[in-house]
Amino acid sequence: MNKWLIVVCWCCFPAGLMALSTDPEQPLKIGADKATLDNAKGETVYLGNVDIKQGSLHLKAAQVTLFYGKNKNIHKIVAKTLSSKDEPVYFRQLLDNGEEVKANARQMRYEASRDMLHLEGNAKVWKDKDTVTGEHIVYDAKNGQITAQGRVNMVIEPVSKPQKKSATDSKEPKQ
Numbered sequence: 001m002n003k004w005l006i007v008v009c010w011c012c013f014p015a016g017l018m019a020l021s022t023d024p025e026q027p028l029k030i031g032a033d034k035a036t037l038d039n040a041k042g043e044t045v046y047l048g049n050v051d052i053k054q055g056s057l058h059l060k061a062a063q064v065t066l067f068y069g070k071n072k073n074i075h076k077i078v079a080k081t082l083s084s085k086d087e088p089v090y091f092r093q094l095l096d097n098g099e100e101v102k103a104n105a106r107q108m109r110y111e112a113s114r115d116m117l118h119l120e121g122n123a124k125v126w127k128d129k130d131t132v133t134g135e136h137i138v139y140d141a142k143n144g145q146i147t148a149q150g151r152v153n154m155v156i157e158p159v160s161k162p163q164k165k166s167a168t169d170s171k172e173p174k175q
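Reminder that position 140 of the sequence shown reads as 140 in the numbering used here, one-by-one numbering, no gaps.
Honestly, the hints are just simulated from the structure, not real lab data. The model shown is predicted, which means the values in this text are computed figures rather than measured ones. It cannot be assumed that every hint is accurate.
Derived DSSO-like pairs (lysine-lysine); straight-line CA-CA distance at most 27 angstroms [as the list claims (entries may be wrong)]:
id	residue 1	residue 2
1	LYS129	LYS60
2	LYS60	LYS85
3	LYS124	LYS29
4	LYS60	LYS142
5	LYS102	LYS124
6	LYS70	LYS102
7	LYS29	LYS60
8	LYS41	LYS70
9	LYS34	LYS142
10	LYS41	LYS102
11	LYS60	LYS80
12	LYS127	LYS53
13	LYS142	LYS29
14	LYS72	LYS34
15	LYS70	LYS85
16	LYS80	LYS129
17	LYS142	LYS85
18	LYS60	LYS76
19	LYS70	LYS127
20	LYS129	LYS72
21	LYS124	LYS76
22	LYS80	LYS102
All chains should be modelled from the sequences, with the hints used to inform the complete structure.
Structural data, given as structure tokens:
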């Protein structure tokens, strides 16, 4: 198999990817050109310029399908592009530490029960200047691990250290 496979402890994201803990308590706001609700199947399909917000979470896609159970709890979300002309699916969320994580791909699938996010097709996850790209990225939030396949590229910026004052910096200027 000619796939690169890398399993990364999310060292470039030292705080992990723990979403803002208050987001699930916020109202879910959805905008789209069209929506089709099917309670018998337990799914709703949103089509065209889909824009979903819940607290700090923001998701944009050409199509989003929400899968839910009898109690209306969402157990899976599938967001995707419909053609090569569509912008990639875009995801943004704040972390409890105040930092922001972003991702994009041709398709994203979130499995709530497993707390796993799958990104497929030209996938990218980034925080500040740190990035992971690959054809398929799986983020396991429970274990803080990322698995990336396809030509994987990572950029990990060094952590800035405070500059030390030299002995000459502390001297009074000559007059």
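We went through each hint and held it up to the structure:
For the hint linking LYS129 to LYS60, the alpha-carbon distance of about 22 angstroms falls within 27 angstroms, and the restraint holds. As the CA atoms of LYS60 and LYS85 are separated by approximately 15 angstroms, the hinted pair is consistent with the 27 angstroms bound. Among the hinted pairs, LYS124 with LYS29 is consistent with the structure: their alpha-carbon atoms are about 25 angstroms apart, no more than 27 angstroms. This hinted pair checks out: LYS60 and LYS142 have alpha carbons roughly 24 angstroms apart, not beyond 27 angstroms.
Simply put, LYS102 and LYS124 have alpha-carbon atoms about 8 angstroms apart, close enough for the 27 angstroms limit, and the pair holds. The suggested pairing of LYS70 with LYS102 is violated, with an alpha-carbon distance near 31 angstroms, which exceeds 27 angstroms. The suggested pairing of LYS29 with LYS60 holds, with an alpha-carbon distance near 12 angstroms, which does not exceed 27 angstroms. Only pairs whose Cα atoms come within 27 angstroms are accepted, and LYS41 paired with LYS70 is accepted, the gap being roughly 10 angstroms.
For a cut-off of 27 angstroms, the pair hint linking LYS34 to LYS142 is broken: about 34 angstroms separates their Cα positions. A threshold of 27 angstroms between alpha carbons decides the hint, and for LYS41 with LYS102 the separation of about 31 angstroms lies outside it, so the pair is violated. Among the hinted pairs, LYS60 with LYS80 is consistent with the structure: their alpha-carbon atoms are about 9 angstroms apart, no more than 27 angstroms. For the given pair, LYS127 sits about 19 angstroms from LYS53 by alpha-carbon distance, which is consistent with the 27 angstroms threshold.
Distance restraint check for LYS142 and LYS29: the Cα-Cα separation of roughly 26 angstroms lies within the 27 angstroms cut-off, and the hinted pair is therefore satisfied. For a cut-off of 27 angstroms, the pair hint linking LYS72 to LYS34 stands: about 20 angstroms separates their Cα positions. In summary, the hint linking LYS70 to LYS85 is not supported, as the alpha carbons are separated by about 36 angstroms, beyond the 27 angstroms threshold. For the suggested pair LYS80 and LYS129, the alpha carbons sit about 25 angstroms apart, so the restraint of at most 27 angstroms is met.
As the CA atoms of LYS142 and LYS85 are separated by approximately 34 angstroms, the hinted pair breaks the 27 angstroms bound. For the proposed pair LYS60 and LYS76, the alpha carbon gap of about 16 angstroms is at most 27 angstroms, so the pair holds. In summary, the hint linking LYS70 to LYS127 is not supported, as the alpha carbons are separated by about 36 angstroms, beyond the 27 angstroms threshold. A threshold of 27 angstroms between alpha carbons decides the hint, and for LYS129 with LYS72 the separation of about 38 angstroms lies outside it, so the pair is violated.
Between the alpha carbons of LYS124 and LYS76 the distance comes to roughly 20 angstroms, so the proposed pair stays at or under 27 angstroms and holds. Straight-line distance between C-alpha atoms of LYS80 and LYS102 comes to about 16 angstroms, which keeps the hinted pair within the 27 angstroms bound.
Going through the hint list in order, the structure does not satisfy hints 6, 9, 10, 15, 17, 19, 20.
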